[in-house]
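For the record, the sequence lines run as chains A and B. Just so you know, we're using this note's numbering here: the first sequence kicks off at 1 and counts up by one. Just so you know, we're using this note's numbering here: the second sequence kicks off at 1001 and counts up by one.
Just so you know, the hints here were simulated from the structure itself, not pulled from any lab data. Being a predicted model, the structure only gives us computed values, none of them experimental. Even glycine gets a Cβ: it sits at the ideal position worked out from N, Cα and C. Certain hints may be false.
Each pair of labels, with its calculated beta carbon distance range [stated by the list, open to error]: (1) B:Asp1059 / A:Gly89: 31 to 37 Å; (2) B:Arg1603 / A:Cys79: 54 to 60 Å; (3) A:Trp92 / B:Arg1482: 55 to 61 Å; (4) B:Pro1566 / A:Ala132: 43 to 49 Å.
Covered stretches of chain A, as calculated for chain B (at least 3 residues, CB under 8 Å) [stated by the list, open to error]: (5) 13 to 19; (6) 33 to 44; (7) 115 to 121; (8) 127 to 139.
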Amino acid sequence: MAVYIDINRCIGCRSCEVACQRVHGGHGHINVHYVREYAAVPVLCHHCQEAGCTMVCFTGALHKEGECTAFDVEKCTGCGLCALACPFGVVWTDKIAHKCDLCQGREEGPACIATCPANALSDDFDLATRRARERAVRAAAVGGKR
Amino acid sequence: MTKVLVPTVCPYCGAGCGFYVAAEREKAIGIEYMLDHPVSQGALCAKGNAALEILYHPDRLTSPLKRRGEGWARISWQEALDLVAKGLGQARKKHGPRSLAFLSSSKCSNEDNYLMQKLARLLGSPHIDNCARLCHAPSVVGLNKTLGAAGMTNPIPDIASSRCIFIIGSNLAENHPVISRWVHRAKDRGAMVIVADPRATPTSWMADVFLQLEPGTDVALLNGMAHVIINEGLINREYIAQKTKGFEALSRAVKDFTPQRTAEITGIAPEDIVRAARAYATSPASAILYSMGITQHSTGTDNVQSISNLALICGQMGRPGTGVMPLRGQNNVQGACDMGALAEFYPGYKKADDPNTIRYFREAWNAPDLPPGPGLTATEMIEAAGAGEIKAMYIMGEDPANSDPCSEHARRSLESLDFLVVQDIFMTATAQLADVVLPGAVWAEKEGSFTNTERRVQWSHKAIEPPGEARSDRGIICDVARSLGLQFDYPDAASVLAEINRTVPQYAGILRERLEGSSLVWPCPTVDHPGTPILHRSGFNLAEGRASLIPVPFSPAAEAASRNHPFILTTGRVAVHHNAGSMTRRSPSLISREPDLFVEMNREDAAALDVEDGDEVRVATARGETAAYARLTDRLKKGVVFMPFHFPGTNILTTDAIDPEARIPEFKVCACNVFRRD
Chain A
1 MAVYIDINRC IGCRSCEVAC QRVHGGHGHI NVHYVREYAA VPVLCHHCQE AGCTMVCFTG
61 ALHKEGECTA FDVEKCTGCG LCALACPFGV VWTDKIAHKC DLCQGREEGP ACIATCPANA
121 LSDDFDLATR RARERAVRAA AVGGKR
Chain B
1001 MTKVLVPTVC PYCGAGCGFY VAAEREKAIG IEYMLDHPVS QGALCAKGNA ALEILYHPDR
1061 LTSPLKRRGE GWARISWQEA LDLVAKGLGQ ARKKHGPRSL AFLSSSKCSN EDNYLMQKLA
1121 RLLGSPHIDN CARLCHAPSV VGLNKTLGAA GMTNPIPDIA SSRCIFIIGS NLAENHPVIS
1181 RWVHRAKDRG AMVIVADPRA TPTSWMADVF LQLEPGTDVA LLNGMAHVII NEGLINREYI
1241 AQKTKGFEAL SRAVKDFTPQ RTAEITGIAP EDIVRAARAY ATSPASAILY SMGITQHSTG
1301 TDNVQSISNL ALICGQMGRP GTGVMPLRGQ NNVQGACDMG ALAEFYPGYK KADDPNTIRY
1361 FREAWNAPDL PPGPGLTATE MIEAAGAGEI KAMYIMGEDP ANSDPCSEHA RRSLESLDFL
1421 VVQDIFMTAT AQLADVVLPG AVWAEKEGSF TNTERRVQWS HKAIEPPGEA RSDRGIICDV
1481 ARSLGLQFDY PDAASVLAEI NRTVPQYAGI LRERLEGSSL VWPCPTVDHP GTPILHRSGF
1541 NLAEGRASLI PVPFSPAAEA ASRNHPFILT TGRVAVHHNA GSMTRRSPSL ISREPDLFVE
1601 MNREDAAALD VEDGDEVRVA TARGETAAYA RLTDRLKKGV VFMPFHFPGT NILTTDAIDP
1661 EARIPEFKVC ACNVFRRD
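Looking at chain A on its own, in the form it has when it is part of the complex (with noise of 0.2 Å):
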């Protein structure tokens, strides 16, 4: 599982960042970032298969647990490879390393997808293509009209 995000959707009103923070004890580990005037994209950790940075960490503190790349924070050092391994800037480093942990240990799942006021994350890999072949369909329906 990962958090997947429906660009169409995404008000840039930086939601999740503040929810995010708010249970990780501060660390946020999702960004909204702006491409000028004209959308909004919030940035995490991908859950890669092949994570660069469990491909790193020389202590297994980062590694994968089945999906999901999972953080073991007692073997983290705190060298910072993960960070310059990671091709998204997802993780980084202070004292220790952070990133999105799915919010383990949170029943309801991901504090980011929950908070979304305009529904752009999802833990649905298929829900933004869904929807967008949904309008055509619809659209086709009605001969092109609204």
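Put chain B on the given structure of chain A with help from the hints.
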């Protein structure tokens, strides 16, 4: 100790999202989302997520204070109440009850507001108002005239069933973020979205048609759309004939607003005006959403009336997915108005100048002498204080020294009062000017009902005690009333709501026990009434049951760009701040995201002034000047600049030109100049 989840209503905007405050050992330790909430469905914006940050802020007022020289002395409640009784009592005795003025708060509960206006009126002063004056007064005045009811006609989730959503003068994606989920849901079902705004915003990202109009030309755009709709025969003839009056006059009034002429005034391409008009008129269900971009103008009431004209001639009213939706900015601005904390209305929108109203409340309150209105409005009170007509003021939970236009002037006026008592949670700019400051409670520290923008009444529970000696606002008002010799026996919020049930017909059936774990949308006239999510289904609460079409001529904004002030300044909000900012600027996770006052300007304008992104600049108007960081953008057309009003600097600049009917200041348009700092 076990953790308890206490259901509360978010203290920020008018969307009325619910969330649980998790409390343990008398302390709020976290927020849990309320997944079954009818509006937010568990979602919260950045402000909602940060709401707990103000609870334990070191700046919280924890004891009553009195002015001592340049500083403050902590005093006991007894001394504070004595001072307030003396201050208000002396002014009343010496200068008469009309020398007192009261500002109630759209941040406070229905019960707090009901008691505040009752206190004012029992003391004989008609001068009671709240900051709705600065946001939706034109909606109250305009929609009462045209539709016979002020408020959103349809509930927020109903937006999802709309097929065409026309958003004008509202940046809801930043100001009411959860509403965007309902707009997106409508889009998924094939709805078209039209956004009219002088500034491209995250709301306009949702638009299929974006109409970037010049600030202050809304009436022209709306008249222009009505022209196209009438001209092309897209009106709903049956609806107009059965449910409205005044069509002929309206038809004549918009005759000249051809797409070409409208385009010249508004700066929008004529074909976009036509496209928007056709889409709105022909969709099976169209809704208009609007906000401060419509109301905060010297033509605010005109703007509101033109919106209602458009909806009425198309018959887009009284059905799911249709309607006129003023999105309100504060958690209880709707409720504060419903409770009669308004200069021209007693509770339940009973006109203050109607002898029947006075007779009714004389009996209901067992008060022989009640002042007829209308009293002075929020902005007029400040004016009158400056002129020496108002001698003493009681301000609860509002910050006019910061939020009023031309704020330096407001500050001087408040300084000239003989006595000022301010009840708030922080030492605001207004509280700084007070003689006595009373520490109030925030939402999680008290209980009461709040009415959101869609007229939904929800009960917010008390999770924790107020800090130090701070008290609930209801408790403080009752204490002040008693110290002035009035009978105010309300042991809890429920006892006030019980009186509201008796005196406000729209709330007659909204009993305390019915709000447990549920909510009700007014009007709810009886105890078994289910509430009224959609207004005007069968007609209007006006003569003959018909809505009024009121022709509206176009008049330009009070100020135009000039040689000395070549830019038009428009103001608004950003997603991570709220209003005058006394809460959000103290919230670390919000202020860190938007720490400084900025001025957005078009890149070409900036280049001509040799200003680069991030430069500190001076923005000046006829009222004053302020420093801000330049933010260069393509969001604005040339000649227009934007500033958020969450920082003290902005309202030093804005004009006090007001709408003649609703008395709202024109926050959205004034002429300014921008200079490099050096």
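(Q) Just to make sure I understand the rule, a stretch counts as covered if three or more of its residues have a C-beta closer than 8 Å to a C-beta of the chain. Does the region 33 to 44 of chain A meet that for chain B? (A) holds (count 5)
Q. Does the Cβ-Cβ separation between Trp92 of chain A and Arg1482 of chain B fall within 55 to 61 Å?
A. 57 Å, holds
Q.
Is the coverage entry for the region 13 to 19 of chain A by chain B consistent with the three-residue Cβ rule at 8 Å?
A. With 6 residues closer than 8 Å to chain B, the region 13 to 19 of chain A meets the three-residue bar; holds.
Q) Do Pro1566 of chain B and Ala132 of chain A keep their Cβ atoms within the hinted range of 43 to 49 Å? A) Check passed, 44 Å falls within 43 to 49 Å.
Q) Is the hinted range of 31 to 37 Å satisfied by the C-beta distance from Asp1059 of chain B to Gly89 of chain A? A) 35 Å, holds
Q. Mind checking, does the region 127 to 139 of chain A have 3 or more residues with a CB under 8 Å from chain B?
A. Three-residue rule met by the region 127 to 139 of chain A, so holds; n is 5.
Q. So the hint says 54 to 60 Å: do the beta-carbon atoms of Arg1603 of chain B and Cys79 of chain A match that?
A. 43 Å, violated
**Q.** Outcome, coverage of the region 115 to 121 of chain A by chain B - at least 3 residues whose beta-carbon is closer than 8 Å to one in that chain
**A.** With 5 residues closer than 8 Å to chain B, the region 115 to 121 of chain A meets the three-residue bar; holds.
The structure fails to meet hint 2 from the earlier list, while all remaining hints are met.
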